[in-house]
Amino acid sequence: MPGAIYAEGLVKTFGDVRALDGVDLDVPEGTVLGLLGPNGAGKTTAVRCLTTLLRPDSGKAVVAGVDVLKHPDAVRRRVGLSGQFAAVDEYLTGRENLQMVGQLYQMKAKAAKIRADVLLEQFNLADAADRTAKTYSGGMRRRLDLAAALVVSPPVMFMDEPTTGLDPRNRQQLWDVIKDLVSGGTTLLLTTQYLEEADHLAHDICVVDHGRVIARGTADQLKAQTGGERVEVVVHEREHMETASEVLRGFGKGETTVEEHTRKLTVPVTGGAKLLAEVIRELDTRGIEIDDIGLRRPTLDDVFLSLTGHVAEEREEGNGVADAGKGSKRKKEAGK
Amino acid sequence: MSAVTDAVQITAPSNPVSQSIRDSLVVAKRNLIRMSRIPEMVIFGLIQPIMFVVLFSYVFGGSMMIGGSTSSTDYRNFLMAGIFAQTVTFATAGAGAGIADDMHKGLIDRFRSLPMARGAVLTGRTLADLVQTALTLLVLAVVALLVGWRVGSDGDTNAAKVLGAFGLLLLAGYAFTWIGALIGLSVRTPEAATSGGLIWLFPVTFISNAFVDSSNMTPWLRHIADWNPFSATVQACRVLFANPGQSTSDAWPMQHSVWASVIYSVLIILIFRTLAVRKYRSATA
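Which chain is which? The protein sequence lines are H and L, in order. Just so it is clear: in the first sequence, position 196 is 196 by full-length UniProt numbering, and no numbers are missing. Just so it is clear: in the second sequence, position 255 is 255 by full-length UniProt numbering, and no numbers are missing.
Extracted from the complex, chain H is given alone in its bound form:
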């Protein structure tokens, strides 16, 4: 049985750009899938196709048991979307925003009002309920936007970069909200550029680049794919680097990388903490003073680098292929 979100061979092109180049997804009910990739990878386009905002050129998509291409309106009744920008009317109060969305979900005016009150309370916006959204902070707008997406408690939720542009405190707050939501059984597809976020929230991760899924699995599986743990040493004196390198070579299972300017040496190892203790003892015996030493497991940053050959953030600026659905894409899509 296909999952709550299922896609097969989704393709979407804008002019010469293949924003989606055959994407397959399968998200079991009640789980969170993190769609991880840099700007322009096709994350937003995927979300837009799955939420009926864009029609894919080819492929198949089923959301909450409904064929997206055949019955878009039925899909709309079953999903909540929180887009990249907090899509709230800034001249309406928080309460008015939620009431309007409720009514457009075809709730009766009174039911929409009651629902708005409940959500304002839950999202910690009750005090600001009767202020226009213009006066809200970025974090409050995001919460209001999320509340709007949850007006009908949809079984399936899509969040497109929910924490982009938020400060760490607000990000943490939003993460808590999202975790609560998922613990209630909602299926969630979340896109993010933050590797930490995917690691933190998602059960499964799909790494996307150039419109394709280039890797999938749990965070641990992806990390294991990249290779095991390694020892990182920062020596205090530059002239000790060569000796330190020699020491590490003795323990390492591969080539030692040396960063001259940061005086950092890295070597892949097996053997964990016990081995680390041995390395420290050996360095000490040789009289090498160290600033920092540690056993590092690969981060998703490393995963991304090893999969794509470039760092996730690298392409953020100056890339003509902005994330499909915004920026340079706008005109092309609108011009169809």
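Since the hints were made in silico from the structure, they are not lab data. Take the hints with a grain of salt, since some may be wrong.
Here are some of the chain H residues that sit facing chain L, going by a computed Cβ distance under 7 Å [what the hints assert, rightly or not]:
1. L53
2. P72
3. R76
4. R77
5. L81
6. A87
7. Q103
8. W175
9. F251
Since the model is a prediction, treat every value here as computed from it, not as a measurement. We put the CB at the ideal spot given by N, CA and C, even for glycine.
Since the structure of chain H is provided, determine the placement of chain L on it from the hints.
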């Protein structure tokens, strides 16, 4: 937070027509609330036509020949139908800018992800603009009376005819907001929608009988003016107000101006509503 997932009943789609009306009214209410919270926009919308009334009637007033007379009273009575009609067309820019702004802010995406009637976002916006246009016309009519505008004598017009003229103006204004809606969906920024919504209105409103007697234009220009949909509404208002300077051209829209005005407006609504709703379905912010 467990209540987040409490099931909320989603009513099945009802009759599509009543759903469409209901959704449109929800969106119209939203836009009216917005307008009431940005009063400066409404006020600027009022100042402009008032300025036109004052400038045209005092600057041009003495030197315009209307029906063989250069009296500034005659010109003022002639002018007012033109100003009324020009004012309702300016709603185009407001509708366009509003919709472009909604696209820009991602609100159109939110609306498109909701199970609501497809045309309701645009219909709601144009209905709200209609309310604003009505308000503007009311204020403008008072100003017009203050500077000396009067409708014709009892034998030539009556209250029903005057109200009918305002009805035609509102219908024309409503039609023009659908052009604005299409412009708003076609440009990238609200600023572009404002200027894009206004620029083409200048030739449309000036190559017409609104401010001058079109019979003095060179023939080819006069033909354009006589068949200009905008002229039909202006002529219809002059006829219904029994104001001076009615066109004597034998072009059909000038001879049957009330019908012509209705037909033009309905045609504009049908064409531009269809185009705008189609564009909305594929529009992306």
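Going through the hints against the structure:
Annotation: interface hint on L53(H) holds; nearest CB of chain L at approximately 6 Å, less than 7 Å. At a threshold of 7 Å, the smallest CB-CB gap from P72(H) to chain L is about 9 Å, leaving the interface hint violated. A cut of 7 Å between beta carbons decides the hint on R76(H): the least distance to chain L is about 4 Å, and the hint holds. A least Cβ separation of about 4 Å between R77(H) and chain L falls short of the 7 Å threshold, and the interface hint therefore holds.
Below 7 Å, beta-carbon pairs count as interface contacts, and L81(H) has one with chain L at about 4 Å; its hint therefore holds. At about 4 Å, the closest approach between the beta carbon of A87(H) and any beta carbon in chain L falls short of 7 Å, and the interface hint on this residue holds. At a threshold of 7 Å, the smallest CB-CB gap from Q103(H) to chain L is about 5 Å, leaving the interface hint in force. Annotation: W175(H) was flagged as interfacial toward chain L, and the flag is violated, the nearest CB pair being 13 Å apart, outside 7 Å.
Among the interface hints, the one on F251(H) is violated; its C-beta lies about 48 Å from the nearest C-beta in chain L, farther than the 7 Å criterion.
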